[in-house]
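Can you join these two chains into the complex? Each is in its own frame, and there are hints to help.
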Amino acid sequence: MPIPELWAMDFMRRAFLAGLIMGAVCPLIGTFLVLRRQSLIGDGLGHLAFAGVAAGALAGVNGVLSAAAACIAGALAIELVRRKLPEAADMVLAVFFYSGMGLAAVFLSLNRTGGFSLSGLLFGSLLTVGPEDLWLIGALALAIVLFIALFYRPLQYLAFDEVCAQVAGLPVGKLNLLLAFLTALTVALSMRIVGLLLVAAMLVLPVAAALQTAKSFAATLKQSVAYGLAAVSLGLTVSYYTDLAPGGSIVLTGGFFFALSFVLARLRRKGRTVEQRCSVCGEEVAEERNEDEQAR
Amino acid sequence: MDKIINVENLGFDYGEGWVFHDLNLYIEAGDFVAVVGANGAGKSTLLKLLAGILAPDRGRIFFYGRPLPEFKEWERVGYVPQNPARQQKGFPISVEEVVALGLLSPQRLRGPLTAKERGQVAACLDRFDLRKLSGRRLGELSGGQQQRAFLARAMVKKPSILLLDEPASGVDARAKAALYQLLRQLNEDGVTIVMVSHDLELAAQAARHALCLDHGICFWGPAVSALTHHHRHGTFL
Chain Z
404 MPIPELWAMD
414 FMRRAFLAGL
424 IMGAVCPLIG
434 TFLVLRRQSL
444 IGDGLGHLAF
454 AGVAAGALAG
464 VNGVLSAAAA
474 CIAGALAIEL
484 VRRKLPEAAD
494 MVLAVFFYSG
504 MGLAAVFLSL
514 NRTGGFSLSG
524 LLFGSLLTVG
534 PEDLWLIGAL
544 ALAIVLFIAL
554 FYRPLQYLAF
564 DEVCAQVAGL
574 PVGKLNLLLA
584 FLTALTVALS
594 MRIVGLLLVA
604 AMLVLPVAAA
614 LQTAKSFAAT
624 LKQSVAYGLA
634 AVSLGLTVSY
644 YTDLAPGGSI
654 VLTGGFFFAL
664 SFVLARLRRK
674 GRTVEQRCSV
684 CGEEVAEERN
694 EDEQAR
Chain D
43 MDKIINVENL
53 GFDYGEGWVF
63 HDLNLYIEAG
73 DFVAVVGANG
83 AGKSTLLKLL
93 AGILAPDRGR
103 IFFYGRPLPE
113 FKEWERVGYV
123 PQNPARQQKG
133 FPISVEEVVA
143 LGLLSPQRLR
153 GPLTAKERGQ
163 VAACLDRFDL
173 RKLSGRRLGE
183 LSGGQQQRAF
193 LARAMVKKPS
203 ILLLDEPASG
213 VDARAKAALY
223 QLLRQLNEDG
233 VTIVMVSHDL
243 ELAAQAARHA
253 LCLDHGICFW
263 GPAVSALTHH
273 HRHGTFL
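Top to bottom, those sequences are chains Z and D. Remember, the working numbering sits 403 above the position in the first sequence when you count from 1. Remember, the working numbering sits 42 above the position in the second sequence when you count from 1.
Here chain D stands alone, though its shape is the one from the complex (with noise of 0.2 Å):
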């Protein structure tokens, strides 16, 4: 299997302490890969490092083999963050246009949609069942929908890896398990997933390896194993 994400030394420092450093990880192609731990062990931070959002203090971190600011290729990652809905409650955009937005690149940037990347967002809709609910604004959503919403728009461009910060968060429980269920499907489909959460019981239903943080990485291995290990000793969240 190809490394295609590969995390060296990596450290970061919001000026308060390392949240963790000397990280040393790496993901192959087809991974389902869930971030587990307790808050502030450093799992969102791992993910926006990943995107990009935030520069290493310490380290490199490595897409394809090519490390980060050289690595232009974006359209290959797509990334959901946290509760994205609920920052922008009252915003008024159709459910459409939020899955149109994830077309958008350096390459692709001016005018209005062409017909073909119409085709390409319809097709996006009814793959995640949004078909009927196009035309409604984002903010009527239910939690579930919502985040299917952000997943259509993070895929339209079928990138081979997606990153998902607590994307369970704010859905309840009978969606939970229909978002977790779409996203095994994904996975099968050969998308690489790393998923923040801090539910390891529901993400070791779907994710394949886990990645325990505790300021530094406590557990890694295969999910069903980091779910044992924490019943029996009750450590990671």
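Next up, chain Z with everything else stripped away, as it sits in the complex (with noise of 0.2 Å):
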């Protein structure tokens, strides 16, 4: 059988593997992070981390290393404040985020010789990923996936229910704190490579389109990979055959995915709607099936 035209380049292979990778990862962790109403800590920690970026390139130090460091610190940090001010998580991310880009601007207007690519840290450069790249972003993935595997439980009960998950004497403040660790690890690892945007995006949306569907937290973390790896697999092959920016053609595809599953949970909804109207009076009578079988 022959092999598919955009499979036979060596770049493109390492493209969609390195998306792919990614497009498994994110999902698995974004999971968490949106239950938790945390879908734009990818956004927040993206720009600590073009912050982190921008004081490297003024201090003569490896960007990725300087980009971690800020990531790292921002996210123990908006967690460590998430937990004085619960019931703010939203703004506490926006004080981060808005930080983070006054931080940027402040270092940029500094910096008179330039050192880094704007766009390439916005959208990242898939098509040029190398082999080091990957084994990189196979690291990575594999603590996230040990980490997920090991603690799955635990975690599903701190997004449903931290104050719960505090009595029953579950070590609530070291999960957090790991759980943040990861997310700024993933942001700032994978930032030069798929782009801030790919990453903040693959956090969210298969998770979103996931959401409209699932009716368990463990089909929802399957769903949502199952979205992130489609996205991936097809906004690639797209961006190939049409010559769009790969990382945008990837994120658009996510967000068609939720647009899809979006109005097709609600037909599904109108649809078992429609069964449960009276057949005498037309009233809509599933709450009185719920009674009905608490009953029974």
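If you're looking for bench data, these hints aren't it; they were derived computationally from the structure. Keep in mind that a hint or two might mislead.
[As the list claims (entries may be wrong)] Okay, derived cross-link-like pairs now, DSBU-like style, lysine-lysine, Cα gap no bigger than 30 Å in a straight line:
(1) D:K218 - Z:K618
(2) Z:K487 - D:K131
(3) Z:K577 - D:K114
(4) Z:K625 - D:K45
(5) D:K114 - Z:K625
(6) Z:K673 - Z:K625
(7) D:K199 - Z:K618
(8) D:K158 - D:K114
(9) Z:K673 - Z:K618
(10) Z:K577 - D:K158
(11) D:K174 - D:K131
(12) Z:K487 - Z:K577
(13) Z:K577 - D:K199
(14) Z:K577 - D:K131
(15) D:K174 - D:K158
(16) D:K174 - Z:K577
(17) D:K131 - D:K45
(18) D:K200 - Z:K618
(19) D:K200 - D:K174
(20) Z:K618 - Z:K577
(21) D:K45 - D:K199
(22) D:K131 - Z:K625
(23) Z:K673 - D:K131
(24) D:K174 - Z:K618
(25) D:K218 - D:K200
(26) Z:K618 - D:K158
(27) Z:K625 - Z:K577
(28) D:K114 - D:K199
(29) D:K45 - D:K200
(30) D:K158 - D:K200
(31) D:K131 - D:K200
(32) D:K174 - D:K114
(33) D:K114 - D:K45
(34) D:K174 - Z:K673
(35) D:K131 - Z:K618
(36) D:K174 - D:K199
(37) D:K131 - D:K199
(38) D:K174 - D:K45
(39) Z:K487 - D:K174
(40) Z:K625 - D:K158
Note that the structure is predicted; figures quoted are calculated from it, not measured.
Rendered as structure tokens:
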């Protein structure tokens, strides 16, 4: 069987592999973030990473290292402040988001020599992924998969009901810090390879699509990964044949999957509601059926 | 009877004056105590202090003779917060998953459920009449069914103490009666229950004792006497 044209080239194979790893790993960690109402943490950390790269360029330090340091410090600080203001998690994110932007602007204005590509940071360069980049993403993916496999259930408890998890004696603080640390590492290490836009979007879009239809936490996790892999495969293929930007194409495909899942879920719900209308008066009887089941 | 919960000179302040101070009480094993009082009287605060969610500003709480910071056997205590499902309305979690969360503890943190644990979850689903709903998303259920799922989560490890914060809120009248019947059954099986409620009439039908709070204890005695006192003098609520 002939190999499709886009698979025949080394750079496309590496781009697919890097993209698929990100497509699986980002929704894995993103599920816990979205359900804790921290959907924008990828963006917030991205801005801190941007500030880190700008500071690194100014100080002559490797951009990935300075971005990773800024992201990790930012993620841990966000987590510690969120603990003090649990009811305002989105506001805490916004504070760090704008502070990151402010810092980046200040560092950029101080830098007269350049030293990094803004477009490369935002949109990445999936088609220039080298073998060493693949090893880096592979190691990160392994760390995240191991973490989720080991602590899937306590993380689920934290996302669902942090207070009861605390009453049960779980190490809530440590688990939250570990999750924040891995999120920061994902954003910082993936930024140069796939771009901030793709990382932040892949943390949220596949999860948003899965949430429209999934009935359980396990199903949400599985469907998120499936949507992530599908968005990368389809987006990258479309990008190759239409000569569109690969990162943007993948993100738009993820957005399309969300729209599709949203519409299908509503259509299915509408159909079910019609079934549950009273045959005499036409009133919806969904709630009554629930109570009847309870009585049984 | 053993005094399994002991409260000594307890005081708590949110920073706007004492909610209560110098609160003293003990609860014996097998008791069913309804904590009643008007809004802001400190009912939920007392329960959160007992559950270790809040730390007292004065005084001490003992569980099985040990002061709370040293007490580590939280698997002996089940806790159901107020309106837990309403806080997480769109959360994608099945009834079975909710119940299974109750098995987690500092000693049992890693990895998936074992066959034995699956058996415990299945037995608990049966006990709380949730087997047919086990695969349903929690948000799709009625208030009464959701409350039963949270009770099942609190009871899956078979604790000897159950702390409940307004378990009947958001539940219709029929489901409320069934819920109190279930709580009475648990109490008859030996579970000590401390339940916050704003409905003294209903709570008195299930509870053995009533603790009426009004920035301190204003009544402590048999639940039926509390109800009679309330009817005569219109106090407490």
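Right, here's what the structure says about each hint:
For a cut-off of 30 Å, the pair hint linking K218 of chain D to K618 of chain Z stands: about 26 Å separates their Cα positions. At roughly 24 Å between alpha-carbon atoms, K487 of chain Z and K131 of chain D fall within 30 Å of each other, so this suggested pair holds. Taken as a hint, the K577 of chain Z and K114 of chain D pair is honoured in the structure, with Cα atoms around 18 Å apart against an allowance of 30 Å. For the given pair, K625 of chain Z sits about 48 Å from K45 of chain D by alpha-carbon distance, which is inconsistent with the 30 Å threshold.
At roughly 35 Å between alpha-carbon atoms, K114 of chain D and K625 of chain Z are farther apart than 30 Å, so this suggested pair is violated. A distance of roughly 25 Å separates the Cα atoms of K673 of chain Z and K625 of chain Z; the hinted pair therefore holds under the 30 Å criterion. At roughly 25 Å between alpha-carbon atoms, K199 of chain D and K618 of chain Z fall within 30 Å of each other, so this suggested pair holds. About 24 Å separates the Cα atoms of K158 of chain D and K114 of chain D, which keeps this hinted pair within 30 Å; it holds.
Straight-line distance between C-alpha atoms of K673 of chain Z and K618 of chain Z comes to about 17 Å, which keeps the hinted pair within the 30 Å bound. A threshold of 30 Å between alpha carbons decides the hint, and for K577 of chain Z with K158 of chain D the separation of about 28 Å falls inside it, so the pair holds. Distance restraint check for K174 of chain D and K131 of chain D: the Cα-Cα separation of roughly 21 Å lies within the 30 Å cut-off, and the hinted pair is therefore satisfied. Our distance criterion of 30 Å between C-alpha atoms is met by K487 of chain Z and K577 of chain Z, whose separation comes to about 15 Å.
Taken as a hint, the K577 of chain Z and K199 of chain D pair is honoured in the structure, with Cα atoms around 24 Å apart against an allowance of 30 Å. Restraint check for K577 of chain Z and K131 of chain D: satisfied, since their Cα atoms lie roughly 27 Å apart, inside the 30 Å limit. Note on K174 of chain D and K158 of chain D: the hinted pairing holds, with a Cα-Cα distance of about 20 Å set against a maximum of 30 Å. For the suggested pair K174 of chain D and K577 of chain Z, the alpha carbons sit about 37 Å apart, so the restraint of at most 30 Å is broken.
At most 30 Å may separate the alpha-carbon atoms for a hinted pair to count; K131 of chain D and K45 of chain D exceed this at roughly 38 Å. Proposed proximity of K200 of chain D and K618 of chain Z is supported: the alpha carbons are some 27 Å apart, at most 30 Å. Under the criterion of a C-alpha separation no larger than 30 Å, the hint pairing K200 of chain D with K174 of chain D is consistent with the structure, at around 22 Å. For the proposed pair K618 of chain Z and K577 of chain Z, the alpha carbon gap of about 29 Å is at most 30 Å, so the pair holds.
At roughly 22 Å between alpha-carbon atoms, K45 of chain D and K199 of chain D fall within 30 Å of each other, so this suggested pair holds. A distance of roughly 21 Å separates the Cα atoms of K131 of chain D and K625 of chain Z; the hinted pair therefore holds under the 30 Å criterion. Restraint check: the Cα-Cα separation between K673 of chain Z and K131 of chain D comes to about 19 Å, which is no more than 30 Å; the hinted pair holds. A hinted pair counts as satisfied when its Cα atoms are at most 30 Å apart, and K174 of chain D with K618 of chain Z qualifies at roughly 15 Å.
Distance check on the hinted pair: K218 of chain D and K200 of chain D sit about 23 Å apart at the alpha-carbon level, within 30 Å; holds. Between K618 of chain Z and K158 of chain D the alpha-carbon distance is near 24 Å, which keeps this suggested pair within the 30 Å criterion. Distance restraint check for K625 of chain Z and K577 of chain Z: the Cα-Cα separation of roughly 25 Å lies within the 30 Å cut-off, and the hinted pair is therefore satisfied. Taking the CA atoms of K114 of chain D and K199 of chain D, the gap is about 15 Å. The hint holds against a cut of 30 Å.
Only pairs whose Cα atoms come within 30 Å are accepted, and K45 of chain D paired with K200 of chain D is accepted, the gap being roughly 19 Å. For the given pair, K158 of chain D sits about 15 Å from K200 of chain D by alpha-carbon distance, which is consistent with the 30 Å threshold. Taken as a hint, the K131 of chain D and K200 of chain D pair is honoured in the structure, with Cα atoms around 27 Å apart against an allowance of 30 Å. At most 30 Å may separate the alpha-carbon atoms for a hinted pair to count; K174 of chain D and K114 of chain D exceed this at roughly 35 Å.
Our distance criterion of 30 Å between C-alpha atoms is met by K114 of chain D and K45 of chain D, whose separation comes to about 18 Å. Between the alpha carbons of K174 of chain D and K673 of chain Z the distance comes to roughly 23 Å, so the proposed pair stays at or under 30 Å and holds. Simply put, K131 of chain D and K618 of chain Z have alpha-carbon atoms about 13 Å apart, close enough for the 30 Å limit, and the pair holds. With a C-alpha separation of about 21 Å, the suggested pairing of K174 of chain D with K199 of chain D holds against the 30 Å cut-off.
With a C-alpha separation of about 25 Å, the suggested pair K131 of chain D and K199 of chain D falls inside the 30 Å cut-off, and the hint holds. Proposed proximity of K174 of chain D and K45 of chain D is contradicted: the alpha carbons are some 39 Å apart, above 30 Å. Using a Cα cut-off of 30 Å, the hinted pair K487 of chain Z and K174 of chain D is violated, with the two alpha carbons roughly 40 Å apart. Between the alpha carbons of K625 of chain Z and K158 of chain D the distance comes to roughly 25 Å, so the proposed pair stays at or under 30 Å and holds.
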